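Asker: Work out the full structure: start from the sequences and follow the hints.
Just so you know, the sequences run in chain order A and G. Just so we're aligned: 132 in my numbering is position 119 of the first sequence, and the numbers increase by one with no gaps anywhere. Just so we're aligned: 269 in my numbering is position 256 of the second sequence, and the numbers increase by one with no gaps anywhere.
Fair warning: there could be bad hints in the mix.
Which copy? The list can't say, so a pair holds if one copy fits it or any two copies do.
[Claimed, not checked] In the DSS-like style, the derived pairs of lysine-lysine whose C-alpha atoms are separated by at most 27 Å in a straight line are:
| no. | residue 1 | residue 2 |
| --- | --- | --- |
| 1 | LYS292 | LYS43 |
| 2 | LYS139 | LYS108 |
| 3 | LYS240 | LYS279 |
| 4 | LYS139 | LYS157 |
| 5 | LYS51 | LYS139 |
| 6 | LYS321 | LYS270 |
| 7 | LYS326 | LYS174 |
| 8 | LYS195 | LYS240 |
| 9 | LYS276 | LYS195 |
The hints are simulated quantities; they were obtained by calculation from the structure and are not laboratory data. Please read these numbers as outputs of a predicted model, since none were measured by experiment.
Protein chains: 2
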Amino acid sequence: MALMYHSMDAVDETPSFQAKSFFDSAPVLKDADSISNKITQFIHQNSLPGSEGPRRVVCVTSGGTTVPLEQRCVRYIDNFSSGHRGATSTEYFLKSGYSVIFLYRRGTFQPYCRSLPDDPLLECFKLTNDSSIQVVESHAEAVKSAISGHHDAVSRGYLLKLPFITIFEYLQILRLIATSMKILGPNAMFYLAAAVSDFYVPWESMAVHKIQSASGPLDMRLAQAPKMLSVLRKEWAPTAFCVSFKLETDTGILLEKAATALKKYKMHVVVANELSTRKEVVILVTESGKVSVHRENDQSDVESPLIKLLVEKHSTYIMDVNA
Amino acid sequence: MALMYHSMDAVDETPSFQAKSFFDSAPVLKDADSISNKITQFIHQNSLPGSEGPRRVVCVTSGGTTVPLEQRCVRYIDNFSSGHRGATSTEYFLKSGYSVIFLYRRGTFQPYCRSLPDDPLLECFKLTNDSSIQVVESHAEAVKSAISGHHDAVSRGYLLKLPFITIFEYLQILRLIATSMKILGPNAMFYLAAAVSDFYVPWESMAVHKIQSASGPLDMRLAQAPKMLSVLRKEWAPTAFCVSFKLETDTGILLEKAATALKKYKMHVVVANELSTRKEVVILVTESGKVSVHRENDQSDVESPLIKLLVEKHSTYIMDVNA
Numbered sequence: 014m015a016l017m018y019h020s021m022d023a024v025d026e027t028p029s030f031q032a033k034s035f036f037d038s039a040p041v042l043k044d045a046d047s048i049s050n051k052i053t054q055f056i057h058q059n060s061l062p063g064s065e066g067p068r069r070v071v072c073v074t075s076g077g078t079t080v081p082l083e084q085r086c087v088r089y090i091d092n093f094s095s096g097h098r099g100a101t102s103t104e105y106f107l108k109s110g111y112s113v114i115f116l117y118r119r120g121t122f123q124p125y126c127r128s129l130p131d132d133p134l135l136e137c138f139k140l141t142n143d144s145s146i147q148v149v150e151s152h153a154e155a156v157k158s159a160i161s162g163h164h165d166a167v168s169r170g171y172l173l174k175l176p177f178i179t180i181f182e183y184l185q186i187l188r189l190i191a192t193s194m195k196i197l198g199p200n201a202m203f204y205l206a207a208a209v210s211d212f213y214v215p216w217e218s219m220a221v222h223k224i225q226s227a228s229g230p231l232d233m234r235l236a237q238a239p240k241m242l243s244v245l246r247k248e249w250a251p252t253a254f255c256v257s258f259k260l261e262t263d264t265g266i267l268l269e270k271a272a273t274a275l276k277k278y279k280m281h282v283v284v285a286n287e288l289s290t291r292k293e294v295v296i297l298v299t300e301s302g303k304v305s306v307h308r309e310n311d312q313s314d315v316e317s318p319l320i321k322l323l324v325e326k327h328s329t330y331i332m333d334v335n336a
Numbered sequence: 014m015a016l017m018y019h020s021m022d023a024v025d026e027t028p029s030f031q032a033k034s035f036f037d038s039a040p041v042l043k044d045a046d047s048i049s050n051k052i053t054q055f056i057h058q059n060s061l062p063g064s065e066g067p068r069r070v071v072c073v074t075s076g077g078t079t080v081p082l083e084q085r086c087v088r089y090i091d092n093f094s095s096g097h098r099g100a101t102s103t104e105y106f107l108k109s110g111y112s113v114i115f116l117y118r119r120g121t122f123q124p125y126c127r128s129l130p131d132d133p134l135l136e137c138f139k140l141t142n143d144s145s146i147q148v149v150e151s152h153a154e155a156v157k158s159a160i161s162g163h164h165d166a167v168s169r170g171y172l173l174k175l176p177f178i179t180i181f182e183y184l185q186i187l188r189l190i191a192t193s194m195k196i197l198g199p200n201a202m203f204y205l206a207a208a209v210s211d212f213y214v215p216w217e218s219m220a221v222h223k224i225q226s227a228s229g230p231l232d233m234r235l236a237q238a239p240k241m242l243s244v245l246r247k248e249w250a251p252t253a254f255c256v257s258f259k260l261e262t263d264t265g266i267l268l269e270k271a272a273t274a275l276k277k278y279k280m281h282v283v284v285a286n287e288l289s290t291r292k293e294v295v296i297l298v299t300e301s302g303k304v305s306v307h308r309e310n311d312q313s314d315v316e317s318p319l320i321k322l323l324v325e326k327h328s329t330y331i332m333d334v335n336a
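Answerer: Laid out in C-alpha cells, this is it:
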C-alpha cells in the first residue's frame, strides 16, 4: 500500500533565506551567459521609445518543471502541463501589442502551433512523385499560420523563447529575466502559468547514482520548494504587474487557495482554474473581488477575454503608478 | 534534508499474482478495442507467407513510463529516456527485413527523425514571398529522409506505431501485443528498450485529488512495480526471442545486474549499457558470456552492429526451435 503524509518537521525560514539556499546549492545553469545576453538585448530593444510609446513586456511562463531524484538523472517527478494556456496566452498578448519572453518547458505547446497534430512533420507533409516535399492539403492553413505567425513575432523582436526542463533551470532563468525586466518598471508584467514543483530534492541531498529497486517498497522524503513569488515581488521586479495561477482538482478549495496566494505573495491577480474546466472558464481573483471569465463559445479561446481583461487591469496599474 | 530508504515490508508474491493484482486494479485502457484490432490486423498481414517466407516481427519498446501520483493527475514520476535507442533500432530492424510494432512514449524520438532539430516544423520550414511553404535548404535532406523512410515503412505494413504515457497503458498494451504475437512462435522478438518504472502507486491507493503542499515536507511510499518480464516469457509469448535492457549509472554494478536479469527473467539476451557511454558501446550478456559491441566510428550508430548481432542470434534461435 502506498501512502503519503506530511512530516511536522518544517522549519520556518524567510522566503529570502530559502531562495538563497536554493540558488547556492543548485547545479550551475548551462549557457547562463548566452541566455543572459539574449534577455538583455531583447529588453533593450523593447524599451526603446517607439511611435506608440515603449512596448509593454510580459514574461509568460509555461509547462511543468521537473524535480530530478538522482544527480545522474534517470528518474524525476514531473507536473502535468501541456503548455496550452501559456502558448495561447502568448498569442493574445502579442495581438494586444505586448512583447513576450516565453519561458517554456521543452516539448510543450508553442505559440501559433496549437492547431497542429501531435507529430506535425510526419502528419502534415508528404513526398511527391518527383521527391519534393509538399504539405498535406487539409493541414496547409494550420501550417502556414504556425510558420508565419511565429516567424513574424520572432523576426520583429517581439517574441523571445527560452526553454527549461528542471526546477533549477526554471528558477535560475526566471531570476535572470525578472532582474533584467526591473528596468521596465510598471510596463513589465509576469504571467506565471507554469506548473512549478511544490516539492523537490535539494541537489546536495540527492542520490548520486540510480536508486536500486531490488529491496522492496521505496520511501522518499521531499523538501518544500522555496516560494519564489515573494522574492520576485519584493526583490527582483518590485514594480512589475504580477499575475499568478492556481490550479486545483477540487473546486471546494480552489477559491480559498487563490485568495490565500493573492494575499501571501502580494500578487495583483490570481487566475484560478479547475483542471477539468480550465479551457472553458477561469476566475480572476483580485483585492476587489472575483470575476468569472468564460470563453465565448465552444470554438473560441477563454484566453481571449482573459488577456483582454488583464491588459485593462495592467493599464490601470500603470496609470496609478505613474500618477 | 531529503532522503530515500527501503522499507523491509515487501511480501513475496509470485510474478503471476503481482501481474494479476496490477491489471485488476489499473484504470481501464482507453480505445482498447481499436488498439487490439490494429495489432491483430498487423500481425495477420505479417504472418502471410511472402516470397521470402513469413516476415519476422519485433516489438520494440521505447521511452519512459510515467507513474501518476494522483488519480486526477497533476504530478507523476517519470523516467528519463529520449527514445533514441528504440527509434534508431527500429530503423535497423526494418532495414534487416523485420516488421516492427513500435510501442513508444508520446513525444519521444520517432524512427527516421533523429537528425531533425528539436522543433522540426518551426526550424525546417519557412514561408516564401508568395506565401507558400518551403523547406529550409540546409534541412532538406534530413526532412526528405524522415518523411520518405517513415512513409514507406508504414504504407507497406512493416511499421505499426502505438503510443503510451503511463505505466498502466504501457503494460496493458504490451500484454495485448505479446498475446497477439504468440501465434508467430519463434519468429517473434521482443526488444524491450523502454525505461519502465521500478516503483509505482497502485491506482486504488492513489490520492484522488492534487496533494496539498502547505504543510511541510512530503513523505511518499511507493510500491515495487510488478516484474512483467517473467509473465511475458512464461505466459504471453513463451516461444518468442526476448531481449531486455539494463541501464545503470554505476559501471560497478552494471554487469552483475545484467547477469541477474538474464537468469531471473530467462531473457535470451540482456543488453547492458552505462548512461554516459550508451551511444558508443553496449555489452550483450547471454548464457554463453559477454560481448562488447562498439560503434564503428563517432559518426555511426552502435545500433548497427548491435541489431546485426541480435538478428544472427535470433536466426540461430529459430533454427534451434524448429529443429
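Asker: Any hints this thing doesn't respect? Which numbers, in order?
Answerer: The structure breaks none of the hints.
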